[in-house]
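*Asks:* So in our numbering, spot 132 of the sequence shown is number 113, and the numbers just go up one at a time.
Calculated directly from the structure, the hints in this document are not laboratory data. Accuracy of the hints is not assured; some may be wrong.
As the list claims (entries may be wrong) - Calculated cross-link-like contacts (lysine-lysine; reagent style DSS-like; alpha-carbon spacing at most 27 Å):
| id | residue 1 | residue 2 |
| --- | --- | --- |
| 1 | 58 | 84 |
| 2 | -17 | 185 |
| 3 | 105 | 58 |
| 4 | 279 | 185 |
| 5 | -17 | 196 |
| 6 | 98 | 73 |
| 7 | 84 | 73 |
| 8 | 58 | 109 |
| 9 | -9 | 359 |
| 10 | -10 | 279 |
| 11 | 120 | 109 |
| 12 | 121 | 58 |
| 13 | 38 | 76 |
| 14 | -16 | 185 |
| 15 | 120 | 105 |
| 16 | 196 | -9 |
| 17 | 140 | 109 |
| 18 | -10 | 359 |
| 19 | 58 | 76 |
| 20 | 98 | 31 |
| 21 | 109 | 125 |
| 22 | 105 | 84 |
| 23 | 359 | -16 |
| 24 | 185 | -9 |
| 25 | -16 | 196 |
| 26 | 38 | 105 |
| 27 | 31 | 76 |
| 28 | 76 | 98 |
| 29 | 105 | 76 |
| 30 | 31 | 73 |
| 31 | 185 | 196 |
| 32 | 58 | 38 |
| 33 | 105 | 140 |
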Amino acid sequence: MKKAILIFKKEILDAVRDSRTFYVCIITPFLLYPILFMVMGYFIQSERTKEERLIYKIGIINQSLMEGFLTHVEAAKNLDVVEGEEHLAMFKNNKVKAVLEVKNANGVVVFYDGADKESQNALKRINKLLSEYQDAIIKKRILKQGLSEEILMPIAVEKENIAPAKRMGGFILGALIPYLLIIIAFQGAMRVGIDITAGEKERKTIETLLVTDVKRSEIVIGKCLAGFVLAFLSTISGLLGLVITLQSGFSVFTQIGRGLTLAIPWLSCLFMLFVMLPLLWFFSSVLVAIGSASRSIKQATTYSSYCLIFVVVLTVFSVLRITVPGRIVFLIPVLNTAILQQQILIGEIYAMNLLITIVSSILYAMIAYLFAKHNFEKEEILLRS
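Taking the hints into account, I'd like the entire structure generated from these sequences.
*Replies:* Here it is as structure tokens:
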């Protein structure tokens, strides 16, 4: 084991000396994601403010057939009404964003451009006005018949969310944080895993390592441990950057979760890092196996990119799911860790889910390690170029 530690120290020192590895694994996750989300938050806020102030020009055909509707539209003050006779001509000549054509007193057609965002927004405003106008007509007719307006709502329905703000904030963060952390971790392990395997092949330094009295298994452990440590540091760096972003109070998270408590408790941070440990070893072992089997850095990068796509797809599944995950889901690598982290963020941790995730992730990590070890024991695989 001492020799494995020596291999680990060698790889870590090489990684530290390489400024590119340091920036990719440590600095980039810490700075890139906070900057990205703060910029996104700024633009979302700007777009919302801009959209609320915009006055959309809309066309109305045969408005006289719908008594009082024009007055209702003008009262909205966020629509500029233009009368016309043909909707396509109004789109072309009057530059309207939507056209409402009154067919008769009981029917209308709304024309809009589905490929134009402003036209879609104008449609939403028209739909809201039409709904309000219909309610006003119904209310007027009911009162004319001498009936109470309470007949419009025979059942009063109230909806109350019992989830506290902190739990709702965790639910929102759970859609993004696990996804980002897992991608950050894989990229950190990918950079190191390729360099210490395929990179050594290209530099012709791996032969020197193989002729030493260090066992092949110890070499693999040392290299996997180096990838694991760099992936772990990348994850910590990314998590710190995301926490700082949340504390800034101005980011895309703030725009998404208005009025909610968007913060990650430090205990949850530590727990999330803990459940990622087997996954990090799995990533490191897989990438060492890929790098040792590849002929060059270019080939290893290509294969690793395919693995990254696989990781991204699984983490996206964790965001898109609409039902409570069954126990079998926690047997799927990557996906199980992502869902478990989501449960940690909302404070809903089940011992069995935790156990299945940890045990299965350790099993997958061991299998990946055995593949890497097999590659290092076969010189026809390891030394081919």
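*Asks:* Is residue -10 close enough to residue 359, meaning Cα to Cα at most 27 Å?
*Replies:* Status holds; Cα separation ~24 Å.
*Asks:* Is the hinted pair residue 58 and residue 76 satisfied, with a Cα-Cα distance of at most 27 Å?
*Replies:* holds (18 Å)
*Asks:* Holds or violated: are the alpha carbons of residue 58 and residue 84 at most 27 Å from each other?
*Replies:* Status holds; Cα separation ~25 Å.
*Asks:* Verify the proposed pairing of residue -10 with residue 279, using a straight-line Cα cut of 27 Å.
*Replies:* Cα-Cα ~26 Å, so holds.
*Asks:* Quick one, are residue -16 and residue 185 close enough, alpha carbons at most 27 Å?
*Replies:* holds (21 Å)
*Asks:* Residue -16 and residue 196 were given as a pair; does the straight-line alpha-carbon distance stay at or below 27 Å?
*Replies:* holds (8 Å)
*Asks:* Need the status of pair residue 185, residue 196: alpha-carbon distance at most 27 Å?
*Replies:* Holds: residue 185 and residue 196 sit about 19 Å apart, inside 27 Å.
*Asks:* Could you grab the alpha-carbon distance between residue 38 and residue 76 and see if it respects the 27 Å cut-off?
*Replies:* This hinted pair holds, its Cα atoms lying about 7 Å apart.
*Asks:* Against the 27 Å threshold, does the CA-CA distance of residue 58 and residue 109 hold or violate the hint?
*Replies:* holds (13 Å)
*Asks:* Does residue 185 sit within 27 Å of residue -17, going by the straight-line distance between their CA atoms?
*Replies:* holds (25 Å)
*Asks:* With the threshold set at 27 Å, check whether the alpha-carbon distance from residue 121 to residue 58 stays at or below it.
*Replies:* holds (23 Å)
*Asks:* With the threshold set at 27 Å, check whether the alpha-carbon distance from residue 98 to residue 31 stays at or below it.
*Replies:* The given pair, whose Cα atoms are some 13 Å apart, holds under the 27 Å limit.
In terms of the numbered hints stated before, the structure departs from none.
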